[in-house]
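Q: If you want the building blocks of each chain, they are given just below.
Protein chains: 2
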Amino acid sequence: MQVGIIGGTGAEGRGLAARLGAASVSALIGSRDLARARETVERLRSDGGGASLEAATNDAVVERSDVVFLAVPFASADDLAAAYGDRFRPGAVVVDLTVPMRFHDGAPVFVDVPEGSAAERLRARLPPPVRVAAALKTIPASVLGRLDQPLDCDDFVCGDSPEARAAASDVLSRIPTLRILDAGGLDAARALERMTLLAVGLNKRYRVRSARFRMVGL
Amino acid sequence: MQVGIIGGTGAEGRGLAARLGAASVSALIGSRDLARARETVERLRSDGGGASLEAATNDAVVERSDVVFLAVPFASADDLAAAYGDRFRPGAVVVDLTVPMRFHDGAPVFVDVPEGSAAERLRARLPPPVRVAAALKTIPASVLGRLDQPLDCDDFVCGDSPEARAAASDVLSRIPTLRILDAGGLDAARALERMTLLAVGLNKRYRVRSARFRMVGL
Numbered sequence: 001m002q003v004g005i006i007g008g009t010g011a012e013g014r015g016l017a018a019r020l021g022a023a024s025v026s027a028l029i030g031s032r033d034l035a036r037a038r039e040t041v042e043r044l045r046s047d048g049g050g051a052s053l054e055a056a057t058n059d060a061v062v063e064r065s066d067v068v069f070l071a072v073p074f075a076s077a078d079d080l081a082a083a084y085g086d087r088f089r090p091g092a093v094v095v096d097l098t099v100p101m102r103f104h105d106g107a108p109v110f111v112d113v114p115e116g117s118a119a120e121r122l123r124a125r126l127p128p129p130v131r132v133a134a135a136l137k138t139i140p141a142s143v144l145g146r147l148d149q150p151l152d153c154d155d156f157v158c159g160d161s162p163e164a165r166a167a168a169s170d171v172l173s174r175i176p177t178l179r180i181l182d183a184g185g186l187d188a189a190r191a192l193e194r195m196t197l198l199a200v201g202l203n204k205r206y207r208v209r210s211a212r213f214r215m216v217g218l
Numbered sequence: 001m002q003v004g005i006i007g008g009t010g011a012e013g014r015g016l017a018a019r020l021g022a023a024s025v026s027a028l029i030g031s032r033d034l035a036r037a038r039e040t041v042e043r044l045r046s047d048g049g050g051a052s053l054e055a056a057t058n059d060a061v062v063e064r065s066d067v068v069f070l071a072v073p074f075a076s077a078d079d080l081a082a083a084y085g086d087r088f089r090p091g092a093v094v095v096d097l098t099v100p101m102r103f104h105d106g107a108p109v110f111v112d113v114p115e116g117s118a119a120e121r122l123r124a125r126l127p128p129p130v131r132v133a134a135a136l137k138t139i140p141a142s143v144l145g146r147l148d149q150p151l152d153c154d155d156f157v158c159g160d161s162p163e164a165r166a167a168a169s170d171v172l173s174r175i176p177t178l179r180i181l182d183a184g185g186l187d188a189a190r191a192l193e194r195m196t197l198l199a200v201g202l203n204k205r206y207r208v209r210s211a212r213f214r215m216v217g218l
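Residue numbers (my numbering), protein chains in the order written: chain A, 1 to 218; chain B, 1 to 218.
Check the hints yourself; a few may be wrong.
[Stated by the list, open to error] Examples of chain A residues lying across from chain B (beta carbon under 7 Å, computed):
#1 191
#2 205
#3 215
[What the hints assert, rightly or not] Derived DEER-like restraints, expressed as beta-carbon distance ranges:
#4 B:43 / A:170: 42 to 50 Å
#5 A:170 / B:66: 49 to 57 Å
#6 B:103 / A:206: 34 to 42 Å
#7 B:66 / A:1: 53 to 61 Å
#8 A:146 / B:147: 34 to 42 Å
Just so you know, the hints here were simulated from the structure itself, not pulled from any lab data. Glycine included, C-beta positions come from ideal geometry on N, C-alpha and C.
Please work from the sequences and hints to get the whole structure.
A: The structure is reproduced here in structure tokens:
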């Protein structure tokens, strides 16, 4: 099962690439610009953990991957869904990492999405055979990218089908120190995306960049 | 500063009463029915932790308390706001514990609130001099009521003013094993109320009743 990342050179995508590489998961690290993807993979290799990673264009990620992590800004998701919708592999699962948030005068502002969440919006814009999950919404890029630090938190995976959740969970459960929780249907993203805003606010108020969630009693 | 609970005999209110009693916080435990309030306080006393608690009617809670925890079903909040709005003490802080959720065929369903959250809806329905905070939204009643078990989690307090947040936090920070976090403005309740639904779903999926949140990296 081929894994790939669209937007693998951005902060969140690079963090995921680092964690997958450290766990020896074969993954295509995509960028619009192949040179940039190569640069990212080279850097991860020189840090000692990128042997299982391969640089690719976003186009190649879409055409070759069965599980595709979408690690782009929320503002780009619509265009990518339109451009790639019909080009995913049969049975492909797209795992949405986007959060509908923008910064206004330095303060995070939630973007209200008519569909309820960015994940449900993406679902509505992809053809039905492509399945959609959401994951890693609440884990800060800065934490994901610091391989010297354990994640030591939970990731909430939701999806439009048990198959989509299982595909995302199978990949992510290979990352040590991260516990994967089944958060149910895709509408759980309504909670998860708002939790990101909550965590960003806590980061600001408590002057850290590392706030993330762990369930107790579970 | 007098503390009181409207709905102190329901599951969540009783759990809060138990924790406040165990921490020797003087609090009025309110019910529509004084006899029921007395029964609850008697039971907490016989468990050894209710010496600081006093049974009262909800009316007396409103008239005598400076910090009023509203621990009623979401469906009752509108009526209570209408009935008590003008009767709170000057400078009173109402701390909303309600979650806009109902059960449909045994499954939890979120009730979309036009104001964005139950807490903001309450804010809109109370006169401006009454200040509003939200707290304990994400802590299950069953956990709150089990005094033999540490809470071992975080509580996210948000409010319409720093004063409202401080009043709620001052009271709740007297409960051991609970960390109080400043979640900012009242609109943070949009995240917190959805987190409750997420936790209820996790409880169901993982067959527990105790799922609650702790921030890591903070």
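Q: Take the hints in turn and mark each one as holding or not.
A: Evaluation of the provided hints:
Of the supplied interface hints, the one on residue 191 (chain A) holds, with its beta-carbon coming within about 4 Å of a beta-carbon of chain B, less than 7 Å. The interface hint given for residue 205 (chain A) holds, since its Cβ lies 6 Å from the closest Cβ of chain B, which is under the 7 Å cut-off. For residue 215 (chain A), the suggested interface contact is upheld, since its CB lies about 5 Å from the closest CB of chain B, less than 7 Å. Restraint check, residue 43 (chain B) to residue 170 (chain A): a C-beta distance of roughly 49 Å satisfies the suggested window 42 to 50 Å.
Distance hint check: the CB atoms of residue 170 (chain A) and residue 66 (chain B) are about 53 Å apart, consistent with the given range 49 to 57 Å. Restraint check, residue 103 (chain B) to residue 206 (chain A): a C-beta distance of roughly 35 Å satisfies the suggested window 34 to 42 Å. A hinted range of 53 to 61 Å holds for the C-beta pair residue 66 (chain B) and residue 1 (chain A), which are about 60 Å apart. At about 39 Å, the CB distance of residue 146 (chain A) to residue 147 (chain B) agrees with the hint of 34 to 42 Å.
Taken one by one, the earlier hints all hold for this structure without exception.
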